[in-house]
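K.L.:
These are the residues of each chain, in order.
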Amino acid sequence: MASGEQIENGAADWLARLDRAHISAAMQAEFLAWCRADSRHLTSYLRLLSVWNRLDALRPTYSVGNELCS
Amino acid sequence: MLRICNSLLPGVNGRGSRGYSRPVGTTITTDWFFRVLAHERDLRAFLTRCLPYRDDVADVVQETYARLLALSPERRRAVRSWRPFLFTTARNIAMDHLRRRDIVSLEALPETIGGDVVWSGGEESRPDEIVNLTQERRLLGQVIASLPEKCRQVLTLRKIHGLSHKEIALRMGIAEHTVEKHVSHGVRLCAARLLEAIGSTPREVYPSCPDAWRRASRSRTAPPTGWLA
Numbered sequence: 001m002a003s004g005e006q007i008e009n010g011a012a013d014w015l016a017r018l019d020r021a022h023i024s025a026a027m028q029a030e031f032l033a034w035c036r037a038d039s040r041h042l043t044s045y046l047r048l049l050s051v052w053n054r055l056d057a058l059r060p061t062y063s064v065g066n067e068l069c070s
Numbered sequence: 001m002l003r004i005c006n007s008l009l010p011g012v013n014g015r016g017s018r019g020y021s022r023p024v025g026t027t028i029t030t031d032w033f034f035r036v037l038a039h040e041r042d043l044r045a046f047l048t049r050c051l052p053y054r055d056d057v058a059d060v061v062q063e064t065y066a067r068l069l070a071l072s073p074e075r076r077r078a079v080r081s082w083r084p085f086l087f088t089t090a091r092n093i094a095m096d097h098l099r100r101r102d103i104v105s106l107e108a109l110p111e112t113i114g115g116d117v118v119w120s121g122g123e124e125s126r127p128d129e130i131v132n133l134t135q136e137r138r139l140l141g142q143v144i145a146s147l148p149e150k151c152r153q154v155l156t157l158r159k160i161h162g163l164s165h166k167e168i169a170l171r172m173g174i175a176e177h178t179v180e181k182h183v184s185h186g187v188r189l190c191a192a193r194l195l196e197a198i199g200s201t202p203r204e205v206y207p208s209c210p211d212a213w214r215r216a217s218r219s220r221t222a223p224p225t226g227w228l229a
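Heads up: the sequence lines are chains D and E, in that order.
Going by my numbering, the first residue of the first sequence is number 1, and it counts up by one from there.
Going by my numbering, the first residue of the second sequence is number 1, and it counts up by one from there.
If you are wondering where the hints come from, they were derived from the structure by calculation, not from laboratory data.
Glycine included, every Cβ here is placed at the ideal spot set by N, Cα and C.
Possibly wrong hints are sitting among the right ones.
[Unchecked claim] Computed footprint of chain D on chain E, listed as stretches where at least three residues anywhere in the stretch have a Cβ under 8 angstroms from a Cβ of chain D:
(1) 42–51
(2) 84–92
(3) 149–155
[What the hints assert, rightly or not] Partial selection, computed: residues in chain D whose CB lies under 7 angstroms from chain E:
(4) 12
(5) 16
(6) 48
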């Protein structure tokens with residue numbers, strides 16, 4: 001079974017791949033297959049994605065929305 | 001059934017993302033989860049005290065997150081404070097793990113885990129304590145600045161200046177594939193360092209009311225980011 005670190009590496013690689021201008025249908029399908037392969041994959045991916053998206057707070061144009069007050 | 005939707009893709013809000021812009025608001029899904037992650041350091045410390053095996057800690061954290069991510073939007077909105085919810089969920093999963101391992105007697109479990117400081121002091125009724133936006137921006141800036149040189153440059157161009165991978169590759173004279181490598185490495189380092197930093201930063205009780213948040217955040221200015229470039 002894949003270790004936590006291997007899963008995180010895989011999740012980070014997927015985040016980097018999906019962070020591109022164009023995402024092909026084949027790549028989407030591959031990503032979904034990866035998500036389904038192990039329930040920990042998507043969790044690990046969303047954890048990194050949350051941090052990645054949060055880095056947008058450094059943008060000069062960033063503004064805070066209601067969603068932060070859940 | 002899982003579908004690819006904007007909320008599953010890396011979000012980039014604002015200008016500078018030519019040929020690559022997702023609608024503002026795609027980060028909403030991950031913003032609530034980030035509030036959960038802000039407690040990760042404490043959660044791991046708590047589970048480390050409760051569980052004898054390191055692997056179990058990682059497993060319980062994973063399972064706890066999975067359970068929270070599976071909550072319906074209605075259920076999620078009903079959660080007033082994530083911290084007690086997070087710790088309660090983790091405690092229940094940890095108890096299952098211990099039972100499966102048959103390490104301690106079942107009678108001892110509630111005390112072993114439930115006696116933690118987390119459960120004292122009326123934690124249940126308090127709104128989330130999180131670092132405020134100014135603190136958070138400072139931490140984010142410090143984390144980016146702490147990255148290895150090339151990695152720092154890539155993340156700065158991507159997240160602060162909003163350049164695409166292609167533009168970054170051209171600007172830095174490297175292959176797009178290399179940009180991707182730096183993003184992958186960078187996001188892992190950022191997650192580890194940011195969640196550790198947030199967990200060890202003294203928090204102020206921040207109002208959970210949207211208006212109060214907006215009022216408070218409006219007066220804050222963006223940190224100078226020139227040194228990051």
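K.L.:
It remains to establish, for every hint, whether it holds in the given structure.
P.N.:
Hint-by-hint comparison with the structure:
1. 42–51: violated (count 0)
2. 84–92: That given contact is violated, which follows from only 0 residues of the stretch 84–92 of chain E lying within Cβ reach (below 8 angstroms) of chain D.
3. 149–155: violated (count 1)
4. 12: The hint holds - residue 12 of chain D has a Cβ within 7 angstroms of chain E, the shortest such distance being about 4 angstroms.
5. 16: 4 angstroms, holds
6. 48: Holds. Min distance 5 angstroms.
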